[in-house]
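Engineer: Make the full structure from the sequences, and use the hints.
Chains as they are written, first to last, in numbering that gives the first Met the number 0: chain D, 0 to 276; chain P, 0 to 279; chain S, 0 to 292.
Hints in this document: simulated from the structure, not taken from any laboratory.
Among the hints, a few may not be true.
Just some of the chain S residues that point at chain D, by a computed CB distance under 7 Å [as the list claims (entries may be wrong)]:
| no. | residue |
| --- | --- |
| 1 | 94 |
| 2 | 136 |
| 3 | 226 |
Cβ atoms here follow ideal geometry from the backbone N, Cα and C, with glycine treated the same way.
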Amino acid sequence: MTAPTARRRALLTARRRGLLSTATGALWFFGPLAALVAAWAVAVRVSGVEMRVFPQVTDVLGALGDLWSSGDLFRHLGASLRRAGLGMALALVTGLPFGVALGASRVLSAFFLPLLRFSVALAGIAWIPIATLWFGYGDRAVIFIVWNAMFFALTYNAMLGVRQIPVEVLRAARSMGTGRLRMFWEVLLPGALPSIVTGLRVGLGYGWRGLVAAEIIATNAGLGYALFQAQKYFQTDVIIASMVIIGVLWLLMDRLLLAPLERRTVERWGMTGAGDR
Amino acid sequence: MTALKIDRLRKVYTDTYSGEEVTAIDDVSFSVRKGEFVSVLGPSGCGKTTVLNIVAGFVRQSGGTVVVDGRPVDGPGPDRGVVFQSHALFPWKTVLGNVVFGLRMRKVPRAERNARGEEFLKLVGLEGFAHRYPHELSGGMQQRLGVARVLANEPAVMLMDEPFASIDAQTRRRLQEDLTGIFETRRPTVFFVTHDVDEAVFLSDRIVVLSRRPSRVREIVDVALPRPRRWQEAAELPEFRRIANRVNELLGDDEGAGAGAGAGDGGARGGEAGGEPDAA
Amino acid sequence: MTSTTFSTDEKRAGRGSGRRRGARRGLAWRLWHRCLRSGAFRTLGPFVPVVALWWLLAALEVFPESFFAGPPAVVDKFGELMEKGILPGYLTDSLTRLCYGVGFGLLIGLPLGFAVAMSRVLRRACWPILLFFQAVADIAWLPIVIVWFGFSLTTVTFVIVYTIVFPLMLSVVAGVEQVPRELVRAARSLGAGRLRVFLEVIVPGALPSVAGGIRTGLGYGWRALVAAEIIVGTSGVGFMMFDARRVGDVSQVFLGMAVLGTLWYALDALILAPFERATVERWGMVRAMEADG
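Structural biologist: As structure tokens, this is what we get:
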């Protein structure tokens, strides 16, 4: 490629990232969702299904309004987010150092690899019975489930991430006299970050599901609880409203937490492509 | 004064699959004076990178000693900076962050290390790129950064492991000239591993030619070309061709002796080592 | 070309020599090393000290007995439930549901995914919808599905199908997008028609991503199965665990977890891993092409 076309392309992408593109991007994002909602409204109207089976869009909006004005929405939301946040923070604090430490040693990582694979498979929901047994029904059991679901995925991916750092980079750091603590903060952790972000995403996915399931079973507040209460009384409008909230929350979590993290680190450092080795 | 002394170096390792013991380095001894540029050259798979890895402290030798600045080598250390073929830059640090990494490890105060970092970036021609990330640089610029990162740390010896092998031919010439320029002004001690004969002759004060595995020192060739060196003039000098031919001969002999019936193949490879080695 | 390959060879040799420092440390050490290299030992070996630790913790009664069961109790329970035929029955129930779920999930997800992926407009239009449905955690569907189908096998199957379809479709779309345009162009310029390009370039090119999607989907599906069995609760391993928890039978809860873990591990080792290994090599190929292009 010649220089002028390259420059033009760079200019184009720069412009593409401008205001105009955010607008079209938003259109491409919200347009299809709006179409989906419209299709839903039409389908319910034409088929005439009962509210008992599937609610109309307006019913769901009404349910959302009721949840909002009664304050139940914030009670449930607050409870769920607090549990998710605590569980995630605990998982980060415990899983990352552990995983990186394991990855730094060839022997330890070989030893823990099968154990971790086993644990990742079990993590989260399968622990609900034992968690409620150990911690009783309530907050602590739910937080334990979220922590548990994320911990293994994080540890496993942090370990793999460290193992994927090219030998030369580790050698370069060592040959400049890097101490253990510095090695952790400045080489191993950032080097493993692409894989850690993957782990975070997988872990959050498991943790989020674990949260909903645990709330259905083990508590008297939270989105999962609200969902299940509504099922008992066949309030399909509340059920769908809660589902929409859960979906929106997850998308927000992804957009506001994971995507910026990825943009600011992995993408900025050019570590996504295959050509960095 | 001797900066690096390698004495009766030996390296035996066990093949992972067959379990056989392979002697990679049989008996290698030579030394590098302070402020001297010494290249190590040898046929394919002769273990010259292994020699470098032992000097750097990444690999432990089976016998013999390596002494840098009067201290025997025991593990990697900041007195021996390494420039890698794969650059081995930290992608998560800016250009400046990479250059001052070693200084930070030695707890040099911020103002001083940033000043020193800028100085060395300027030396390698990367001023103005301090706040970019390595992946935004071209291959040649990345390797300049690799050199600056090591030089800023002021090691007793700079070890270079085929630093220009993965860079396209034209850029490589530029980099070689710039490296000579830096060497001529700063006079660091350089231990340079390569398989490119012309490159070795152009850059070095002396060339250590290793034999085929198990490697020994075949000959140490003095390069008495005048400095400063520029490709245009240096390549014309009869002395340059004489030395290059001599080194090619030493390598070619070895190929012929080692390959036996496949002498044609060996000769071709010997010729390639002197010419253009990289698939562009 | 020769020069680059030779330099990597040399590096590998250098690296290898650093690794095997103790090659001459005698017979016992070498035998130990041979053991370490065998696959079965590597995967199963680490479980030995873990089980031993578990046993020790139980024997020393570090935790109250009603909270923590040791290996002997769990093995006894296993024998008892096998004898009564409860465990085989529940296991069959769980596996049947999983099979139905995965089967329908693949049947729906794969064609739908490729159909969406093949058109640029459709792809862009469907992407946010897919993301949203993926975001509504599968387990959140349970209540409404219970309203529709009651506490039945259909409910559980529906949820599993749901968990698998969306990650699968997302990964198919992402995979098709990853296929380098040069490859498609090359195939077109060699005279391949649309169908051929689809079958011989796009499908294999997207396969690595699809394999990843199947793994993610199964990981979620597996959890959804357990959750659904706990909540819907008529039979299955998840039900067994929760039922045991209700009556406070710790050893049965532990047994359930051991069974679930082992089952997933077998599934992973026998089906998922070989499939991925076959495609990971392709992945390497696809990656190399991208880097060149």
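Engineer: Can you name, in rising order, the numbers of the hints this structure does not satisfy?
Structural biologist: Of the numbered hints, just 1 does not hold.
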